Amino acid sequence: MTTERPPRTVGTRFGPYRLDRLIGRGGMGEVFEAYDTVKDRTVAVKVLAEQLNQDPVFRERFRRESHAAARLTEPHVIPIHDYGEIDGQLYIDMRLVDGENLRAVLRRDAPLAPERAVAVIRQIAAALDAAHADDLVHRDIKPDNILLTTDGFAYLVDFGIAQSSTSESLTADGSAIGSFHYMAPERFTSRLVTPAVDSYALACVLYECLTGARPFPAETDGEIMRAHLFEPPPRPSMIRREVPAGFDEVIARGLAKNPNARYTSAGALAAAAHRALTGTVTVAAAQTEPAAGAEVAAAPPTQRVRAATAADQVASEQDTGAWVATEVAAPPAITDSVTADPTAGAQALAGQEVSEREDAPQEAAGVAAEGRAGDVADPASVSAGPRVRVDRRVLRGVVALLVAILCATVALTSWSWMGNRVAGVPVADSSAVRGPDIDLLAVVGPSGYKRANCVHQDPDATTVAIVYCAANPAASDPAGRFLRFQTVEQLRAYYRGLFFDVFHSTNCPGDPPGPDGPSVVDGKEVGRKACFTSLVDDPAVPKPGLVLTNEAALALAVYIWTGPGEQPLRDYVGLRNGFQFKAAEAATDPDYFTAADRAVLDHLDGDFGPRNCRHLDPPAGPVNAMLSCGTRLGFPSAGFFGFPDRRAANLLYQANLGQFRGHACGAAGQDDLWRKDSAPVGRFFCYADTDTGFGAGTCIFALHDEFLVAAHFCTLRADDPDTGPKTEAELLAWFRKHIG
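Sequential numbering of the sequence shown, starting at 1, is according to the UniProt record's numbering.
Hints are computed from structural coordinates only; laboratory data are not their basis.
Hints should not be assumed to be uniformly reliable.
BS3-like mimics (lysine-lysine), calculated; alpha carbons at most 30 Å apart, straight line [as the list claims (entries may be wrong)]:
(1) 726 with 737
(2) 676 with 737
(3) 726 with 676
Quick caveat: nothing in here was measured; it's all calculated off a predicted structure.
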């Protein structure tokens, strides 16, 4: 058992260092202004975070950062005095610089005069050329990592994510490191990192210095990624008249999509930028050597850990005095959540993991197999195979729920899914889903995508709504990203351009060979679907993904699972045409519940609740509430009924017992006592479910006498890769363990 060290505070000692001031704190550690009592000098000391110190991957990355920067002697690289380990804590001793980073300068002074901008770029280019000559690629060139002294001397800082062009990536999770706003297109599609990515990022910085804006000023990971991949480089002279037209060519070549079309080095880019100044008024150039006695801020500039969005989130830095990093460079976060965007990583790709069962999601009896609304079948055909398709694991259960009700209903009615809307939940920032987002979520098939785990993303010129949803383990739904387009042509262009050209999609199991296959609902093609592998979040851990479109809904969904081990889940959903969008008439707000629904929810335990259940409109009959619920991996499909009184509850129970030829589970007799903690609380029975659409299976129908709530659970298909119950014996064992 390890003893946790007390936090370091100003005035305490760390080996030979007296910690005088906290400069910055972040995911990777802390940076202090410190006095070296042995060498009698003031320095900056960077100390690895306690929780990372025992991680061998982080230790190696930390060691390499120190070694890489220490061996560079170029004047525009922050000098490293020493590095090593003190009391089990890794540290770097760096020169302390008096200055501020370029981000702070741009906030105050942007746009910069072209001469000043070029002076900064030339100095950083010199540092990059030296690093590239030593086979090091920085990979995170951005204004936050450029430090300027008061007399204009520029330093490139934070080689913490530097990568040797001849070595393996040593990031903690293997993910693509860097800030998306400055990331070269090839970074999104390949693990190969060359000096060309630094030159591209430097061109982005040049553009920002000249205009005061990023070249591709999108807000979400996916939008940024798509811009880098497909949008032409902007012309700075069109943004700001004071910028000489010669810079247009410099930026166009510097931001070329093809690495081979860019300048051959960072220095060549800087030289071209300098030539573009011809004919402009020259101002005093910034000095290119550090002033005598200049202190260099050892603290590396702010770098935030990328999560749902890669847009730089830079906390306020001090504009005067020693440069202060508000956050120390942190290793990239391991994002399950599909980086958020079909262009942004796994998130960029999709958003969540898939968790629905069986064929396509369907919500109610009469709702067509893949979630389309239809007329309720006659009692004979309905009773043959009770199941509703909503979530993968809800599928069989809900259909069976619907059938169960129909058996006790005199007048069979059509299912009406006219979406009742719930007002949006107030959120302190702009991430709250709003009207168009809710309309889009209302037609998403799986049940695990709610306001609680979904966020708004600003649509672009081609889209009406974009929603990113984190994975919902309670429903076993993966990260997902959902987009609604303005035209079908825009939908098709996005689908083909991103998934064919960038992610090299393939057909899913069961589809003809090719880059994709048909997305089928009720035997009819409604759009296209494709399987792909995302390396964006973590090249070392390929993430299986599924994209599908519905042209009638003008909608596209991207689902991303967490790793290779979940590929069978993805393949099963693709094979069964699952996770489909619902028809417009089947739309329902994912967070809408009636008072009767909530009365049922109040009696459910932690495995079932608003986060993984959705309202279904009950048909005319004895039921006043009906819920379909997504479930965790290892669970059967699930659904619940509520009743207005005991008579209605008993009517449905007895009707189903007779109609489905119920029997006591694993025993003789028609049904059995439902016991909770050895005390009887109701009755339950098993019955054979022979719906050919789901495969033969078994369902349990249980009625709680006091709560007037009926529970309905069904086995999974035999070929479902989920470990949930697939036989009557397994279903009964699960029921007794989790229900009573």
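Quick rundown of the hints versus the structure:
| no. | hint | result |
| --- | --- | --- |
| 1 | 726 with 737 | 16 Å, holds |
| 2 | 676 with 737 | 10 Å, holds |
| 3 | 726 with 676 | 24 Å, holds |
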